[in-house]
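Trainee: Here are the chains, one letter per residue:
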Amino acid sequence: MNALKKLFGGNTRQFGMIFALVALIVFFQIATDGRTLTPGNVINLFNGNSYILILAIGMVLVIIAGHIDLSVGSVAAFVGVTVALAIRDWGIPWYAGVLLGLLLGALIGAWQGWWTAYVGIPAFIVTLAGMLLFRGFNQFVGKSNTIPVPNDFQYLGAGYLPEVGPDTGYNNLTLLLGIAAAAFVVWGELRSRARAKALGAEVPEMWVTALKLVLIAAAILYATYLFATGRPGTSFPIPGLILAVLVLIYGFISSRTILGRHVYAVGGNRHAAELSGVQSKKVNFLVMMNMSILAGLAGMIFVGRSTASGPFDGVGWELDAIAAVFIGGAAVTGGVGTVVGSIIGGLVMAVLNNGLQLLGVGADLTQIIKGLVLLIAVAFDVYNKSQGKKSIIGLLMRNSGRSSGGPSNPIQPDETTSTKEAIAREA
Amino acid sequence: MKAGEIHAICGENGAGKSTLMKVLSGVYPYGSYDGDIVYQGQVQQFRDIRASEHAGIVIIHQELALIPELSIMENIFLGNEPTKRGIIDWAEARLRSLDLLARVGLREDPDTPIKEIGVGKQQLVEIAKALNKSVKILILDEPTAALNESDSQHLLDLMLGLKAKGITSIIISHKLNEIEQIADSITIIRDGKSIETLDVKADGVDEDRIIKGMVGRTLESRFPDHTPKIGEVFFEVKNWTVGHPNVQDRLVCKNSSFFVRRGEIVGFAGLMGAGRTELARSVFGRSYGRFISGQIYKDGKEITLKSVRQAIDAGLGYVTEDRKSLGLNLLDDIKTTTVSANLRKISRNYVVDPNQEFTVAEQYRKSLRTKTPSVEEGVAKLSGGNQQKVVLAKWMFTDPDLLILDEPTRGIDVGAKYEIYGIIQQLANQGKGVIVISSELPELLGLSDRIYTIFEGAITGVLNKDEASQESLMKLMTSARKAEAA
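If you read the protein sequences in the order shown, they are chains W and Z. According to the UniProt record's numbering, the first sequence is numbered sequentially starting from 1. According to the UniProt record's numbering, the second sequence is numbered sequentially starting from 1.
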C-alpha cells in the first residue's frame with residue numbers, strides 16, 4: 001500500500017479519485033458480465049459524455065478562480081441553435097459554422113465576464129441570469145423548433161478517425177495515436193524526473209517511476225485496443241479527440257503558464273494576488289469568457305451528435321459539469337482544483353451512469369445513486385481534511401490492519417491549513 | 001496561579017503559548033492532551049468551549065470573533081441571548097449592554113454596527129462580551145497586537161481595573177514593556193515546556209530578563225550593528241493627496257511629500273489610522289483610495305504608477321501589514337509564493353519553468369535561513385517569522401529599488417525580529433531604499449536613519465536618527481503642528 005502511495009507522489013487526493021474510477025469500472029465489468037469494457041460501450045461512453053467533460057474543463061478554471069457558471073447549458077443550446085440556423089438558412093459551410101459558434105461563445109462570455117469582473121456582480125447571479133437569458137434566446141431564435149444539421153457538421157459530434165493505410169484489422173490512426181500518447185507520457189515523466197534530480201529535488205525511486213509508467217502505458221494501450229477494434233466504421237471518436245486536445249492544452253495552461261498561476265492566485269487570495277501585481281479583473285474576465293467559448297463548443301458537438309438542435313438541449317448540463325469538478329477535488333472556496341482531476345470526476349459520473357444503464361437500473365434510481373455519490377465523495381474529502389488525515393488512501397491503509405502511525409510527511413499543505421484555520425474560526 | 005492577578009505568558013513564536021491557551025479554553029477537547037487542568041481545586045475536563053465558558057474561562061483570540069454586520073449589543077449577547085419564553089428580550093439586552101459598556105469604558109450606542117468602530121473599541125466589546133458571561137478567568141491572546149499606543153494603554157488600564165474587581169487575567173503578548181507594566185507574574189514557555197515562572201515584584205523582572213528566559217540566552221542587542229551607506233536622493237513623492245475609497249470629500253493623505261535616499265532606511269511613524277498604510281499603498285500603484293493629485297519622481301524623472309504591475313516594474317515593492325489576508329495565498333507552498341510577484345523572470349513565452357522556480361526558492365530559503373523542511377512546504381504551516389521571510393523573499397526576487405515594509409515584525413518573536421532587521425539592513429547596504437512603517441517606536445528608532453511622522457493623513461515632521469526619541473516622535477505623531485523639517 002505504501003508503494004501504491006509512492007506511485008502517485010504524495011498526491012493522494014488524485015490517487016483516490018483514480019482508484020475510485022478503476023474500482024467502479026471493475027465493479028461494473030463484473031456486474032454486467034463484461035458488457036462495460038466492450039469497444040462499442042466505451043466509444044458510446046465517450047461520445048455521450050464528451051460535451052460534459054469539455055464543460056468541466058472550463059468549469060474547473062471558473063471554480064478555481066472562485067466563481068461558478070450556471071449558464072453553460074443555456075449558452076451551449078443558444079450557440080447550437082444559432083449555428084444550426086446559420087448553416088441551414090445562410091448555407092455557410094460547416095467550418096464557418098464552427099467558427100461562428102466559437103465567436104458567439106466568446107461574445108456571450110465577454111458579456112458575462114464584464115458583469116462579473118468589471119461591474120463586480122457575483123458570477124452566481126450573472127450566470128443565473130444568463131441561464132434564463134440564453135435559454136430564452138435559444139427558443140426565440142429557433143422558435144422552439146428542432147433544426148437539423150447537415151452530415152458534415154455531424155462529423156464533429158458523431159465522427160470517427162478515418163481508416164487509412166494497410167488493412168491490419170485495427171484502425172491504424174487510433175493505434176498510432178495510442179502508441180504516440182503512451183510514448184509521450186513515458187518520455188515526459190522521465191525527462192521531468194531527470195531535471196528534478198539534477199537540481200537536487202527529491203525524486204521517487206526509479207522502480208516507483210517505472211511501475212507507474214508501466215501502469216499508465218498499459219491503461220492507454222488497452223483503451224487504444226478497445227477503440228481500434230470496434231465495429232467496422234467506428235474507431236476513436238472525434239469528440240474524444242477534441243477532448244483529449246483540450247485536456248492537454250488546458251492542463252498545460254493551468255499548471256505551467258503565468259496565466260494559470262494567476263487563476264490559482266486570484267482564487268486563493270484575491271487581495272494578495274492584486275498586491276503582487278496580478279490583474280485580477282482581467283483574470284476573472286478571461287476565465288468567464290473561456291467558459292462560454294467551451295460551452296459553445298460543447299453545444300455544437302452535442303448538436304452534431306444528435307443531428308439537430310432543439311429547444312431543450314443542454315438542460316442540466318451545468319450541474320453535471322459542476323458535480324464533475326467537485327468530485328474531482330476542487331474547493332468551493334476557490335484556489336484548489338485540477339483539470340485532470342475534473343476529467344476523472346466527470347468520468348466517475350459517466351461510468352456510473354453508463355453502468356447503471358447497462359444493469360437496467362431506472363432513471364429514478366440512477367439519479368438517487370448519483371446524488372449520493374457526489375455527496376459522499378465530497379464528504380469523504382471534507383472528513384479527511386478535518387481529521388488531518390490524508391484522504392481516501394489513508395483510510396484504506398488503516399483498514400488493512402496497518403497501524404495508523406505510518407509516515408506522515410507528505411501531507412498536502414492545504415489540508416492541514418484548513419484544519420488549523422477551521423479550529424481557529426470555530427473558537 | 002492566584003486568583004485576582006494578571007498572569008503573563010511569554011515565549012517565542014511557536015513556543016506553544018496559543019496551544020496551551022486552546023487547551024485551557026476547551027478548543028482542544030479533554031482527551032486530546034495529557035496532563036490535568038486544575039481549577040478551583042478540581043481537575044477539569046472541558047469537552048468544548050461551552051464547557052469552559054460555563055466554568056468562567058473565556059478566551060479572546062488575536063483575531064476577533066465579532067460579526068461585523070451585527071450591532072455591538074447583538075455581538076455581546078451572541079450565543080447568550082437573554083430570553084423570555086424563548087423570545088429574545090431586547091429591552092433587557094439593551095439595559096445590560098449599556099451597563100457592560102460602561103464597565104469597559106466604551107461610550108458607543110449599543111446599536112452601532114461593529115464594522116463602524118475601530119479595532120481598539122472592538123477589543124473592548126469582546127471584553128464586555130466576556131464580562132457578560134460572568135468571567136472568572138479572562139485569557140487574552142495578543143490583545144494589543146493590532147492596537148495603537150493609546151488604545152493599548154486604555155486596554156491595559158482596563159485589565160488593571162478588572163483585576164481590582166477580582167477577575168483573573170492571562171495575557172499573551174510579544175510586547176514585553178506591556179507585560180512588565182501590568183503583570184504580577186510571568187510564565188515563560190519555550191519549545192512547549194514552561195521554563196520558569198517569575199514573580200514580577202519579588203524577582204525584579206525587566207524586559208531583558210524576560211528575553212533571556214524566552215530565547216535561553218541574553219540578546220546582546222536587539223538590533224544588528226549597521227553602518228549606513230547613504231547615497232543621493234533617488235525617490236521622491238511630492239504633494240501626494242488621496243481620497244478615501246468610499247467616503248466622498250474625505251482625504252486619507254493630505255499634501256504629503258517625502259523622499260528616500262539610496263541605502264537609506266526611512267521610518268514612518270504614526271498612530272494606527274493616521275494614514276501610513278494608506279500613503280504607502282496609494283504610492284504603490286494606487287492600490288488604495290482615490291488618487292487626487294501628486295507626483296512621484298524616481299531618479300529625477302517623474303513617473304506615473306497607475307497599477308500595481310507598473311509599480312513593480314518601476315522597481316517598487318510593498319510588504320503588507322496584514323500578512324494572512326493581503327500578503328499570502330495560504331493555499332500555496334513556499335516556492336510558488338517566492339516567485340509569485342515576478343513570474344516573468346522564471347518564464348519563457350509565458351510558460352513557467354518549474355526548475356528555475358525551485359532553484360530560486362531554494363536560494364532564498366538558504367540566504368534568509370527560513371526554517372522549513374523543504375520549499376514545497378505550504379506557507380500556512382510556517383510560523384509568523386518564517387512566513388514573513390517568505391514574503392520578503394518574494395519581494396526581494398522582484399529586485400526592487402525601493403521596498404516599503406508595513407509593520408514588518410508584527411506578530412513575530414524576538415529572535416526572528418532580529419533576523420528580519422538584519423535582512424532590512426542588508427537590503428539597504430545593497431543601495432536600495434527601504435521604508436519601514438511601524439507602530440513600535442523602539443523598532444523605528446533602532447532601525448531607521450530618518451523618521452517621518454504622520455498625523456491624520458499629513459506628514460507632520462521628519463527627524464534624523466540622532467535627534468529622534470520616543471518623546472519627540474510621539475509629540476509629532478499626535479499634533480497637527482508642522483514641525484521644522486530636518
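Please keep in mind that the hints were generated in silico from the structure rather than gathered at the bench. Treat the numbers as computed from the prediction; the structure is a model and nothing was measured. From the three backbone atoms N, C-alpha and C, an ideal C-beta is built for every residue, glycine too. Hints should not be assumed to be uniformly reliable.
Here are the computed lysine-lysine pairs in the DSS-like style, where the Cα-Cα straight-line distance is at most 30 angstroms [what the hints assert, rightly or not]:
no.	chain 1	residue 1	chain 2	residue 2
1	Z	Lys-324	Z	Lys-175
2	W	Lys-282	Z	Lys-345
3	Z	Lys-324	W	Lys-281
4	Z	Lys-175	W	Lys-281
5	Z	Lys-175	W	Lys-282
6	W	Lys-197	Z	Lys-381
7	Z	Lys-133	Z	Lys-163
8	Z	Lys-136	Z	Lys-229
Listed next, the stretches of chain Z that the computed footprint assigns to chain W, with coverage defined by at least 3 CB atoms under 8 angstroms from CB atoms of chain W [to be verified]:
no.	segment
9	108 to 114
10	458 to 471
Trainee: Look at each hint and say if it fits the structure.
Mentor: Going through the hints against the structure:
{"no.": "1", "hint": "Lys-324(Z) with Lys-175(Z)", "result": "20 angstroms, holds"}
{"no.": "2", "hint": "Lys-282(W) with Lys-345(Z)", "result": "21 angstroms, holds"}
{"no.": "3", "hint": "Lys-324(Z) with Lys-281(W)", "result": "21 angstroms, holds"}
{"no.": "4", "hint": "Lys-175(Z) with Lys-281(W)", "result": "40 angstroms, violated"}
{"no.": "5", "hint": "Lys-175(Z) with Lys-282(W)", "result": "42 angstroms, violated"}
{"no.": "6", "hint": "Lys-197(W) with Lys-381(Z)", "result": "26 angstroms, holds"}
{"no.": "7", "hint": "Lys-133(Z) with Lys-163(Z)", "result": "16 angstroms, holds"}
{"no.": "8", "hint": "Lys-136(Z) with Lys-229(Z)", "result": "55 angstroms, violated"}
{"no.": "9", "hint": "108 to 114", "result": "violated (count 0)"}
{"no.": "10", "hint": "458 to 471", "result": "violated (count 0)"}
The structure does not agree with the numbered hints 4, 5, 8, 9, 10 stated previously, though it agrees with the rest.
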